[in-house]
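Place chains A, W and Z on chain E using the hints.
Protein chains in written order, with this note's numbering: chain E, 287 to 447; chain A, 287 to 447; chain W, 287 to 447; chain Z, 287 to 447.
Hints in this document: simulated from the structure, not taken from any laboratory.
Hints may contain errors.
Copies of one chain are not kept apart here, so a pair can be met inside one copy or by any two copies together.
Straight-line C-alpha distance at most 35 Å; calculated DSBU-like pairs for lysine-lysine [unchecked claim]:
hint, residue 1, residue 2
1, Lys336, Lys312
2, Lys384, Lys436
3, Lys352, Lys336
4, Lys312, Lys384
5, Lys336, Lys382
Predicted model only: the values in this text are computed from it and were never measured.
4 protein chains.
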Amino acid sequence: MIKIFITGGTLDKEYRQTDGELVLTKTHVNEILTAGRCGLEIDLEIIMLKDSLFMEDSDRIRIRDKCRETSMNRILITHGTDTMVETAAVLSSQMKDKTIVLVGAMIPFTFRDSDAVFNLGFALAATQILPPGVYIAMNAKIFNWDNVTKNKETGRFEALN
Amino acid sequence: MIKIFITGGTLDKEYRQTDGELVLTKTHVNEILTAGRCGLEIDLEIIMLKDSLFMEDSDRIRIRDKCRETSMNRILITHGTDTMVETAAVLSSQMKDKTIVLVGAMIPFTFRDSDAVFNLGFALAATQILPPGVYIAMNAKIFNWDNVTKNKETGRFEALN
Amino acid sequence: MIKIFITGGTLDKEYRQTDGELVLTKTHVNEILTAGRCGLEIDLEIIMLKDSLFMEDSDRIRIRDKCRETSMNRILITHGTDTMVETAAVLSSQMKDKTIVLVGAMIPFTFRDSDAVFNLGFALAATQILPPGVYIAMNAKIFNWDNVTKNKETGRFEALN
Amino acid sequence: MIKIFITGGTLDKEYRQTDGELVLTKTHVNEILTAGRCGLEIDLEIIMLKDSLFMEDSDRIRIRDKCRETSMNRILITHGTDTMVETAAVLSSQMKDKTIVLVGAMIPFTFRDSDAVFNLGFALAATQILPPGVYIAMNAKIFNWDNVTKNKETGRFEALN
Numbered sequence: 287m288i289k290i291f292i293t294g295g296t297l298d299k300e301y302r303q304t305d306g307e308l309v310l311t312k313t314h315v316n317e318i319l320t321a322g323r324c325g326l327e328i329d330l331e332i333i334m335l336k337d338s339l340f341m342e343d344s345d346r347i348r349i350r351d352k353c354r355e356t357s358m359n360r361i362l363i364t365h366g367t368d369t370m371v372e373t374a375a376v377l378s379s380q381m382k383d384k385t386i387v388l389v390g391a392m393i394p395f396t397f398r399d400s401d402a403v404f405n406l407g408f409a410l411a412a413t414q415i416l417p418p419g420v421y422i423a424m425n426a427k428i429f430n431w432d433n434v435t436k437n438k439e440t441g442r443f444e445a446l447n
Numbered sequence: 287m288i289k290i291f292i293t294g295g296t297l298d299k300e301y302r303q304t305d306g307e308l309v310l311t312k313t314h315v316n317e318i319l320t321a322g323r324c325g326l327e328i329d330l331e332i333i334m335l336k337d338s339l340f341m342e343d344s345d346r347i348r349i350r351d352k353c354r355e356t357s358m359n360r361i362l363i364t365h366g367t368d369t370m371v372e373t374a375a376v377l378s379s380q381m382k383d384k385t386i387v388l389v390g391a392m393i394p395f396t397f398r399d400s401d402a403v404f405n406l407g408f409a410l411a412a413t414q415i416l417p418p419g420v421y422i423a424m425n426a427k428i429f430n431w432d433n434v435t436k437n438k439e440t441g442r443f444e445a446l447n
Numbered sequence: 287m288i289k290i291f292i293t294g295g296t297l298d299k300e301y302r303q304t305d306g307e308l309v310l311t312k313t314h315v316n317e318i319l320t321a322g323r324c325g326l327e328i329d330l331e332i333i334m335l336k337d338s339l340f341m342e343d344s345d346r347i348r349i350r351d352k353c354r355e356t357s358m359n360r361i362l363i364t365h366g367t368d369t370m371v372e373t374a375a376v377l378s379s380q381m382k383d384k385t386i387v388l389v390g391a392m393i394p395f396t397f398r399d400s401d402a403v404f405n406l407g408f409a410l411a412a413t414q415i416l417p418p419g420v421y422i423a424m425n426a427k428i429f430n431w432d433n434v435t436k437n438k439e440t441g442r443f444e445a446l447n
Numbered sequence: 287m288i289k290i291f292i293t294g295g296t297l298d299k300e301y302r303q304t305d306g307e308l309v310l311t312k313t314h315v316n317e318i319l320t321a322g323r324c325g326l327e328i329d330l331e332i333i334m335l336k337d338s339l340f341m342e343d344s345d346r347i348r349i350r351d352k353c354r355e356t357s358m359n360r361i362l363i364t365h366g367t368d369t370m371v372e373t374a375a376v377l378s379s380q381m382k383d384k385t386i387v388l389v390g391a392m393i394p395f396t397f398r399d400s401d402a403v404f405n406l407g408f409a410l411a412a413t414q415i416l417p418p419g420v421y422i423a424m425n426a427k428i429f430n431w432d433n434v435t436k437n438k439e440t441g442r443f444e445a446l447n
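The shape of chain E in the complex, shown without the other chains (with noise of 0.2 Å):
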């Protein structure tokens, strides 16, 4: 059984008809599993619908207090691209015993070009496979939470080393 929580990011974004604008209402995290076919247990939570950018520490400090507090030992997570690495590296400290993947989407699901389906497929993967640490999933690469950067001028993750 696999634990996801919802913290929001580009992934889960949609268009808000009355002024044009991107909002965060609710998760397609549901519908992209409905998709896949998928016939793993799944415990889905939303903590909170952030742009990532707007997170704060607090907002941090709760996603790494609901990863401990639950009893599931592989948990995915979904969230913005811009900070994953910020909160990836919260999540690391007294939390040995977990397999803990990130993963979020350069284009949200409501878009036909979007990444958000093929990544999630692939994030659920590793989340069942890897060994207890923190890790992202994007780009159909899994990087060690200490090891990755977002390189903002390609939107793609790299390896620091």
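Frame of chain E; chains A, W and Z shown alone:
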């Protein structure tokens, strides 16, 4: 670096306008990797484009030989779901040092409602992480080749034990 | 108020997972009208769900009778493209006061690459505006029923003169 | 032969990965015409790519001059929905011999859930059939330019009388 062998199956079927049949003429896996902003180095090769119901022993042996001959140790194979388990069994002999993951789709990529994108993302993570062995990755689950069957009624893969 | 009669055809075909066949089990026209934020009052009725290659004279007469019996004067009919022209000919007799537009799709709505949404939008405008007569609306063109043929090679409808 | 003038609006907005904004950089109308297997001869021209909230009088006059100057008498204009009615009013003066149809979308084409494809199909039929005049084609309805308003709450166009 990952080797992807294409063998056909539902995943790559597309609509032929002239007679309304679903046919295999090319692979869509590159489109899926692009959608997933895949940053991995991939070496993709089409071995055949067959509905797996029409695969013969010689086809499975050809796929096995291709797996043996490649210098790469991490191999993803796209395959029709109907006889995926049979091919996996053939692959399992004398292939102790390679990680081979078979994946397919219940609905072709060309359909809006396809599971192909999710499944390929999932399988690509599994191929990178799993220890040597032959696996089937479907329904967001990883199965050992000798502990899986496709339930024809539900269209879902299930563990035997 | 517009009457929509559903008769089947490629437009409504969907993938049957159990055997990989394309089948007609329901209509997707309501989904298309929702996608188009259709504000018209529509009275939709399924007459049959047939591949038009298998339509018989009795089917065409049934469609004609339905068109005669309805009190509405503006009628849109979804129909397979292969015998759309034959049905249009049957409809043209003794129906002087009604505007009837036949429309179909070369690729089913369930495919990403379908022409169904565009075609239905196009035909719905034609149905509202055209004077009484029987028309075929395909390839962004409007054809009189007696001046059109489907080019089987290109899959395009063409005027005879 | 139909003239299509592109002026921008929600229809053509796309996601800019670097900052997560929705921006206008090109038109998707050719993609939509391809999806609809459009067999019409179309002469497409981008006049501007503007959110219609930022259109000024000079923009509307430029669009009007373009409509006057073209030798074609059937003109489709893509336009943002917020000030479509204002532009239609400007176009209506001294244009007695041309059929001009304005169309837009409530959700950009780049979204899965867009109304753009349906709307463009609808408007393209209207442009071919309607007598000279200036019209707005939205929500599967045709409105005269002087008898329509956009209901900002529902996002729907409504007749005034």
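Each hint, compared with the structure:
For the homomeric pair Lys336 and Lys312, the shortest alpha-carbon distances inside one copy (11 Å) and between copies (30 Å) are both at most 35 Å. In this assembly of identical chains, the alpha carbons of Lys384 and Lys436 lie at most 35 Å apart whether taken from the same copy (24 Å) or from different copies (31 Å). With identical chains, the CA atoms of Lys352 and Lys336 are at most 35 Å apart within one copy only, with a shortest distance of 16 Å there and 45 Å across copies. In this assembly of identical chains, the alpha carbons of Lys312 and Lys384 lie at most 35 Å apart only when taken from the same copy (27 Å versus 42 Å across copies).
Within a single copy, Lys336 and Lys382 get their C-alpha atoms as close as 27 Å, which meets the 35 Å cut-off; across copies the closest is 46 Å, which misses it.
In this structure, every one of the numbered hints holds.
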